[in-house]
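Under the UniProt record's numbering, the letters of the sequence shown match residues 1 to 178, in that order.
Derived from the structure by calculation, the hints contain no laboratory data. Please read these numbers as outputs of a predicted model, since none were measured by experiment. Every residue, glycine too, gets a C-beta built ideally from N, C-alpha and C. Take these hints with a grain of salt, some might be off.
[Claimed, not checked] Estimated spans, in silico, between C-beta atoms of each pair:
1) R131 - G89: 14 to 24 Å
2) N148 - L26: 24 to 34 Å
3) P145 - D63: 16 to 26 Å
4) P108 - G143: 36 to 46 Å
5) Y107 - D62: 20 to 30 Å
6) D61 - G143: 43 to 53 Å
7) G77 - R162: 23 to 33 Å
8) S92 - A120: 18 to 28 Å
9) K169 - G11: 34 to 44 Å
10) V6 - H78: 18 to 28 Å
11) A15 - G77: 25 to 35 Å
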Amino acid sequence: MTVALVPVEEGDLVAFKRQMQEAFRLGAPDGVGEHGEVLPEEDVDESLAAAGAVALAAVVDDDVVGGAVVIIDPADGHGRLDLLYVRHGVQSRGLGQAIWQTIEARYPSVEVWETITPYADERNVHFYVNRCGFHVVEFFHQGHPDPNTPPSRPGLPQPPARMLRLEKKRMASRLCPQ
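Work the whole structure out from these sequences, hints included.
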């Protein structure tokens, strides 16, 4: 299967966000998002507004099967996978891993990728660690909050959610010629 990543046009953002929110809502394990939306639109908008942010639709055979928002800092070789989703109804077919591999190939200058995921979401943890090669580097919780998390919005839980920060470093074998 070949995944093409297509930049999301301004006119397609509403549909992109709705599809992403649906995938997050329907894919969330029990207890994740119980204090509000799993992925509030404000969070998606914040990701899209970040410096260096790119919204990408994942397309297979002219069908949008998922997407991602990545934030690239070309100056320091870091990339952040802010959001990644596979459309509801087409999960568990290897699409998430194919999307991720296509993202990595699209940004070969990124040396270190970072993402976060809920501690309680075993499916996501398995995906990032066992399928994509990320490593857990930090655990955010009440005693060790994420310094980048904005103050809680009304109606959302306090203290901040338990989250894992993950990193993936480009393998040395890719950096040095054989």
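Here is how each hint holds up against the structure:
1. R131 - G89: 14 to 24 Å: Holds, since R131 and G89 (Cβ atoms, about 20 Å apart) stay within the stated range.
2. N148 - L26: 24 to 34 Å: 27 Å, holds
3. P145 - D63: 16 to 26 Å: 40 Å, violated
4. P108 - G143: 36 to 46 Å: 38 Å, holds
5. Y107 - D62: 20 to 30 Å: 24 Å, holds
6. D61 - G143: 43 to 53 Å: Once the Cβ atoms are compared, 48 Å apart, the range 43 to 53 Å for G143 and D61 holds.
7. G77 - R162: 23 to 33 Å: 29 Å, holds
8. S92 - A120: 18 to 28 Å: 20 Å, holds
9. K169 - G11: 34 to 44 Å: 37 Å, holds
10. V6 - H78: 18 to 28 Å: Given range 18 to 28 Å: holds, Cβ gap about 24 Å.
11. A15 - G77: 25 to 35 Å: 33 Å, holds
Violated hint: 3 only; the structure is consistent with all others.
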